[in-house]
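Produce the complete structure using the sequences and hints provided.
Under the working numbering, residues 66 to 160 are what the sequence shown spells out, in order.
Keep in mind the hints are simulated off the structure, nothing from the lab.
A hint or two may mislead.
Said to hold, decoys possible - Derived pair list, reagent style BS3-like, types lysine-lysine, alpha-carbon separation capped at 30 Å:
hint, residue 1, residue 2
1, K131, K73
2, K68, K131
3, K68, K158
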Amino acid sequence: MEKLRSDKLWLGVLIGTLIPAILFGILYSLSHYLAPEGRDYIVKLPTLLLISIFSNLFSLRYYLVKLKYDRTGRGILLVTFIFAILYFVLYLKMI
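So, in structure tokens, the structure goes:
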């Protein structure tokens, strides 16, 4: 647990990647498991991706505001921006 309380960029990148990936896996599984008969899912894939990307904001706030770990917060923010850009490029085709 002490390793999660260090101010390192790689830790922010790791946290920023793992939290959305784990949350997406859980939500995707629940969406398929709880889907009514005749449907493959409850929530569409782009919505699940947005919820997963949004989950980084909680860890970002924790590391930047509460702990004042700027490097870790920057790593989380970097991954969040990359995920957001990929979302817009792949699913909304705006860019």
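Hints and how they fare:
no.: 1; hint: K131 x K73; verdict: holds (16 Å)
no.: 2; hint: K68 x K131; verdict: holds (17 Å)
no.: 3; hint: K68 x K158; verdict: violated (39 Å)
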